[in-house]
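**Student:** Listed below are the residues making up each chain.
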Amino acid sequence: NHKQGARRGARMALAVTGGGGLALLAGILIIGNIVGSFELDDVLAAGDQIKAHAMYPVALTLVLLGAFTKSAQFPFHFWLPHAMEAPTPVSAYLHSATMVKAGVFLMARFYPALAGTEQWFYMVSFTGMATLLLGAYIAMFKHDLKGLLAYSTVSHLGLITLLFGMGTKLAAVAAVFHIINHATFKASLFMAAGIIDHETGTRDMRRINGLWRYMPHTATLAMVAASSMAGVPLLNGFLSKEMFFAESLQLNLPGVIAWLPPIVATLAGIFAVAYSARFIHDVFFNGKPVNLPIYPPHEPPRYMKIPVEILVFACLMVGMFPAFSVGPLLYSASFATLGGEVPDYKLALMHGFNLPLMMSIAAFVGGLIMYTQRHKFFAFHARFREIDEKAVFASVVSRIVDLAHRFTASIENGSLQRYGMLLVVSVIAVAMVPLASLGVFVGESGLSPVDWPTGIAAAVLIVSALATAFCHRERFMALVLLSVVGLIVALGFARFSAPDLAMTQLSVEVVTIVLLMLALYYMPSWTPRDSLAGRRLRDVVLAAITGIGMTLVTLAMLTQPFSSISEFFLENSKSGGGGTNVVNVILVDFRGFDTLGEITVLAIAALGIYALLKDTALTPPPSDGQGHAWTRDAHPLMLKQLARPLLPLALMVSAYIFLRGHNLPGGGFIAGLITSIALLVQYIATGLVPTQDRIRFKYHNVIGLGLLFATIAGAGSLAFGHPFLTSTFEYLKWPVVGKFEVASALIFDLGVYLAVIGATLLALVSIGRLSPHSAIRSPRGKS
Amino acid sequence: MELVFALVIGTLTATGVYLLLRARTFPVVMGLTLLSYGVNLFLFSSGRLATGQQPILGSTENYADPLPQALVLTAIVIGFAMTAFLVVMSLRNLADNDDDHVDGKQPKRPAEEDEQEEEARGK
Amino acid sequence: MNHWLTAPILIPLLGGILQTFMGYAPMPLRRTLAVATTVLLVAASLILLSMADDGSYRVYAFGNWQPPFGIVLVLDRLAAFMVVMTSVLALFCHLFSLGGADEGNRQFHTLFLFQLMGLNIAFLTGDLFNLFVAFEVLLIASYGLLMHGGGTARTVPGLHYVVLNLIGSAIFLISVGMIYSVTGTLNMADLAVKVPQVTGENLQIVKAGGMMLLIVFALKAAILPLCFWLPRAYANATAPVAALFAVMTKVGIYAIIRVYLLIFGDNAGELANLGMDWLFPLALITLAMGVIGALGADNLRSLIAWQVIISVGTLLAPIALGSREGISAALFYMLSTTWTVAGLFLVATLIANHRGSAGDRIITAPKMHHRTLLSVLFLIGAVAAAGLPPLSGFFGKVLILQSVEPGTNMAWLWSVVLIGSFLTLIAYSRAGSIVFWRTVDGHLNAPDRLSGTTAVAAGAMTALSIVIVALAGPINEYTDATAAQLLDPSAYLEILKAPMVGEDN
Amino acid sequence: MNPFTEYLISGLLLLGGAFTLIGALGLARLPDFFTRLHGPTKATTLGVGAIMLSSVFFFSTTGEGLGISEILITVFLFLTAPVSANMLAKSAMHIGVETMDNTQGQPWDQ
Amino acid sequence: MLDRLRFPQPWLSLLLFVTWQFLSDGVSGASVVMGLLLAWLIPQITHGFWPERPAFVKAWRMPKYLAIVLWDIIIASFSVAKLILSPRKPQPVFVCYPLQLEHPLAISILASTISLTPGTVSADVSDDERILLIHALDAGSDQEVIDAIHNRYEKPLMEMFK
Amino acid sequence: MMTIALYITIAMVTLAALLNMYRLIKGPDAPDRVLALDTLYINAIALIILLGITLGTRMYLESALLIAVMGFVGTVAMAKYLKRGSVIE
Ligand code: NA
Ligand code: NA
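Protein chains in written order, with this note's numbering: chain W, 1 to 783; chain C, 1 to 123; chain E, 1 to 505; chain R, 1 to 110; chain F, 1 to 162; chain U, 1 to 89.
Warning: the hint list may mix true and false statements.
To be verified - Straight-line C-alpha distance at most 20 angstroms; calculated EDC-like pairs for lysine to aspartate or glutamate:
no.: 1; chain 1: F; residue 1: Lys89; chain 2: R; residue 2: Glu6
no.: 2; chain 1: W; residue 1: Lys146; chain 2: W; residue 2: Asp388
no.: 3; chain 1: E; residue 1: Lys194; chain 2: E; residue 2: Asp298
no.: 4; chain 1: W; residue 1: Lys142; chain 2: W; residue 2: Asp197
no.: 5; chain 1: W; residue 1: Lys574; chain 2: C; residue 2: Asp99
no.: 6; chain 1: U; residue 1: Lys26; chain 2: R; residue 2: Asp32
no.: 7; chain 1: F; residue 1: Lys58; chain 2: F; residue 2: Glu102
no.: 8; chain 1: U; residue 1: Lys26; chain 2: W; residue 2: Asp197
no.: 9; chain 1: F; residue 1: Lys155; chain 2: R; residue 2: Asp32
no.: 10; chain 1: W; residue 1: Lys640; chain 2: F; residue 2: Glu129
no.: 11; chain 1: F; residue 1: Lys89; chain 2: R; residue 2: Asp101
no.: 12; chain 1: W; residue 1: Lys305; chain 2: W; residue 2: Asp197
no.: 13; chain 1: W; residue 1: Lys614; chain 2: C; residue 2: Asp98
no.: 14; chain 1: F; residue 1: Lys82; chain 2: R; residue 2: Glu98
As the list claims (entries may be wrong) - Some but not every residue of chain C turned toward chain E, in silico, with C-beta under 10 angstroms:
no.: 15; residue: Met1
no.: 16; residue: Val17
no.: 17; residue: Thr51
no.: 18; residue: Leu57
no.: 19; residue: Ser59
no.: 20; residue: Thr60
no.: 21; residue: Tyr63
no.: 22; residue: Asp65
no.: 23; residue: Gly79
no.: 24; residue: Met89
Hint data in this document are derived by calculation from the structure and do not stem from the laboratory.
Glycine residues also receive a C-beta, built at the ideal position from the N, C-alpha and C atoms.
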């Protein structure tokens, strides 16, 4: 498919020039760093500083890489011809003369700053030579008109590059001169080719023959331009080419290499003459056309020829009266390139009978011979399989992509445990060093004695924890052991002076058990052994390391003397927060903002759970782990009967816990959980439908109300110009009631209370609703 | 006492981590629970250990550091919310992929062991 | 005290509360109120930006409790920058969601707004534990959002995301415990005062704590080896969510900048520049991994997801080096990449919707609908993301390259960034040409229409990278000033002396 | 604190401890689930009750007011213990736990 | 609207009020006000969960019953303790107890009583609520158990719940 | 005198807890374990009360109250799971 080939060409061109661009960017940035400025003038002025700098080789390489890719130098020569077939927008972008010559101009621009060193010479001139020769050679074997021209362009760009590489000032002038000349004749040739394509409908020289008869005018123009390309005297191409030959001889290189430039130049000249001859003869003579798509071809409309005429005229003028015509332009351009003092050069038709002229003649004769003997060469060339760079490029890319894909897949393999392992290992890696240097450290405060009940409790906890891990595959048993751990943790909080924590832990514990029981119903009742022994060993080791690490830190931490900002809380809790339960005052006042965030988390979790399960269907196993079918009675009589008196009593307890919270252990959160659990008992004992019929509110709204109360309680203070969450409290004395406290923080705590109830119940009931027995599957129910 | 406390925290962390690295959601849930027990105790103990010094003004002479207690309370609540969500996520996972395996590909060999085991349990 | 500081938190909070009450309210009403909230948020954040631009620190002490005892919000240039970046992003994502992504279960807007609340708390808070709470708020909301839209594809990645972040939270708490157990404080400014005075064994404890904290932030920022949860999660999320999540990794980066420049900055004595020596190589490896992932991606969205990781690496390398220019450049690039990637996610989804069964997979398919428009949008996004001239990504990268002092670091950074860009370019051009150009015969049944809102939102989001170019000057000035402010934390410590309401001071 | 109350409290404490221990012993020693069920439901409940009572007396003497909480606790215990037992017995019968060979009549078999 | 103001479950309200007075240390104006509030508010929420009123006829007999039960509990504990500590194996029996009580509350009170008292645990109630399955830890025959329970507990309950 | 009694009691209750643990781990059946857990909860009540007496403070009584009010809910949930599967339906 031609179009797709074109696109591949475009992608290749993009990649090559883009990559080159990046290299160039890097080079320029380095230069900028060296000079300390990105002003072009400063850079050009600081040439010696740059060349002296250690980074110069890198910078030069990068800049040249950019230049070579852009100006299609070997080995990046391949993209240019393909770019010409690319989809119009892309080719317009790439193929515009600026883009193609950009690289060359670039070298011209940076010439003063970078040229004149060994590295410059070898890199530039040898690349130039290779390109010059290769381009000319390939051009000769192209059957496509544009292809021929394209590779000729490549070759000429090589020539110009070579000239810049030589590093002499005259060479630079010659380069500039040739840029100008090449632009003129190559542009006219491309247009001519365009006309022919337009008139005959093809660019294949094997079919295009003897056009002289059909479009003599165009033919004349094209032939003149082609001759200039070949370097025929009296035409501009000849002049710059002479200069080039001359310069190729001026290089003082060691030994045999000295012969390389002139020989390469002559060879290239021979090819150039040959393909130019082919362009003239094979197109305009050489018998009759072979079934052209458009037959017979005509002269194109006038306006199409005008630009060609102008350009060809330019070729002639420059060729015959160089000094008069191109002199000023050349001088100024050379001045710009060299950055000052332009060497004196002579623009004349003839410099006398000298070696360069001999080379030209040799090239001319050789070229004609080569063209006449072209069939041999074609035969010779045909022996080599022409490599399709596009295919190469495509296969390279696809190989890279494939490689990347396999690499990624092997690392990012969707194993949660691998990611978790990486996380754990990272933590170990970073914490290892400091902790190792800490070692088994016991601080100044030293160890306090262990009372044996606590010791036994700790032992029980440790055993239960280990047992949980050990028989985690026996899920129910593991859960029972887990709740033992939870219970002892709660007792631990009580043991170490944290009554509020003990209560919180206990109530959360119960809700969690219910939660896990609700979930376990749908899950397999035991875990199959998935991981291999080696893997288990690895995990045990990782676990052990983290455990030891935590032990060491804790030990060091607990035995170090310590002072904290908490003195402030103890001092201001009563006076500033109006409560004697400092923990609660911190929660609803000093750090009330944390608590606001905390209940928001709870609320979001519940809403998320609701959303997650809304349209989830789960089929529970028909029987338990040992295969006993579930019993029929869902709501045992005794439980049902107990649930009734329990609710009011529990509500009262929660009211009690709530109201005392500000001054004694308790508070909104714990009270909220008590209420939630009391209601949960109703659900468990009597089922979803009856309970929800009796609860006259939607949990969403309870959550919203909770958050709203908390926010309003906080925002109330704004009215008095105090910041958000500033608490106020007042000790009122009413006739009957007597003295009592009203605290804005209590409203905040009420918000907490409601949010907790709403969130807990919404979450658990959403899971309960999954049950196939539950009548209400739709969210329209009262929650 | 400090050493005992440290050992408890160490054990909780270790067992938690081990379970976290299991291939099924349920052990992971349990692992996270154990881990958060450990973490909460650790955060709690960052205010040092005190006996009978509950930070209720007037209930004793000197008081334990109340700030870590408040922090842990927040942590417990958030932990609960997260656990609940995770449990529901694994339920959802069960519903979507009718399996609670989350460790990429399932290994072949151990599965056979399971069958024998299942025979054994089928009492 | 300046109540504006609470606006970015209270606006979405109240908006979210409103949404919770509207469980069964008509959709148009919900949408109007929700988007109105986001618009308000953008306005408020712009006001904050104009305030912060004077280079001073503004403190808001909740409950009128003097720091370090109460929780404070602190507004500086960085905070304002992050808030604006987020709220603008959020607005377009929100608009896009009105195209139908917000349907299904009725919690989308609630979660979306709470997510913004969490993000803004994280950016504004001056308290370490409150930062933890902020993380939890934004995480739990993100869990919900990630799973929004149903379908089985996102369950497993979602599960991974949740579990890893839960472990992360545990590590965060442990770190807080370690740091508190030595310094006895949680306020960041106070920590910046106390940490330099730490000595002896305590030093090791704080060091361990600080390093573990870095791991937590690294997990959020998705730095190798903690980045593997991200690609599948993002690639499977619904468009507006994935786009919004472009900012999630930036939260981690923000936290690193904030904590490690303020608390463990140059003045932190023995703990100065803690962990930064780890961060630089990791950033480069992350970048490399991201590039490889992008090359190997077999659909547009995972390509873009890997682009997120590329950006993270590109961002963190200069931050780790910690020069003023580097941080400024990183911030500039952060703005660009966040918006660009978000835009790409939106565009990719539109593409997926118009390629029939092929979706956004990088395979040949029948000619898609709306090819011209979408290909142009994708081209803009890709050019900006890959960092080609003339779009914002290019300037960002150039700034970053320029910011490095010559030396080994420079060699590493440059070669990785430049080669990376080259390969990214190849990845994008391959993806683009296959998706848009390499068509097979046959046509898609039922061309689904391209809804106005989504197209406009996606277009605008992408166009932002052009806007950045247009405003490159001012933006760069701002980021420069921000970097300068960050590197001189002494002024930040002044907040400890901020007068409370009712104190004459 | 006058010696009488001290004796009383100590006695109650010891009684409570003893019963709690016996209940646990029963749980540990008795041969099958249903026999084990008896220990906790009776002995332990009573034991805790006794300890509660001692606590009530103790704090009433230390002048921290008469503690209703303890009473409430005991009430809740006595309300809930039988229900827990009942639920557990049901589940045990459902699973069909092993019973002592000399147990007479196993209704769930019929 | 007015019926919202009355106390739907007066007995319960009274109970709550009294308990509250105990809970809040000492009777004060505040505690009375709060107690009244709760005594009104809580039943408002909960009476829906307790549709039919507990059909007490002779409620004053309850204290006596409770006293008996409490006493028996203590005795029970001693006997169970003896049994637990003695080396000899117990003689457990499952007894199917024919219920004469009808009211479910009464039944569950009886069941609870049985569970708390000498050597018996009520294991299950038949679906038709006619038979109570009892596990006796150490009993000679079914009939002894049945008679003991019937005379000591079910009769008084039957008098209370008509 | 009272202190001694207190210590002995604590010893007995702790020992009781250990015996519960024995049953909890030994099983053999799920109901045995749950029963053991339930008993453990009740022992916890005792321990908290004893702690309060030892410290001479009432600050921990409500923790005990909480266990009494809610402890059995866990047991009920587990028991119901064992026989019925779905705890809430
Ligand atoms: Na021909
Ligand atoms: Na307060």
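**Student:** So, against the hints stated earlier in the document, which numbers end up violated here?
**Tutor:** Violated hints (numbers, rising): 1, 3, 5, 8, 9, 14, 15, 17, 18, 19, 20 and 21; every other hint is consistent with the structure.
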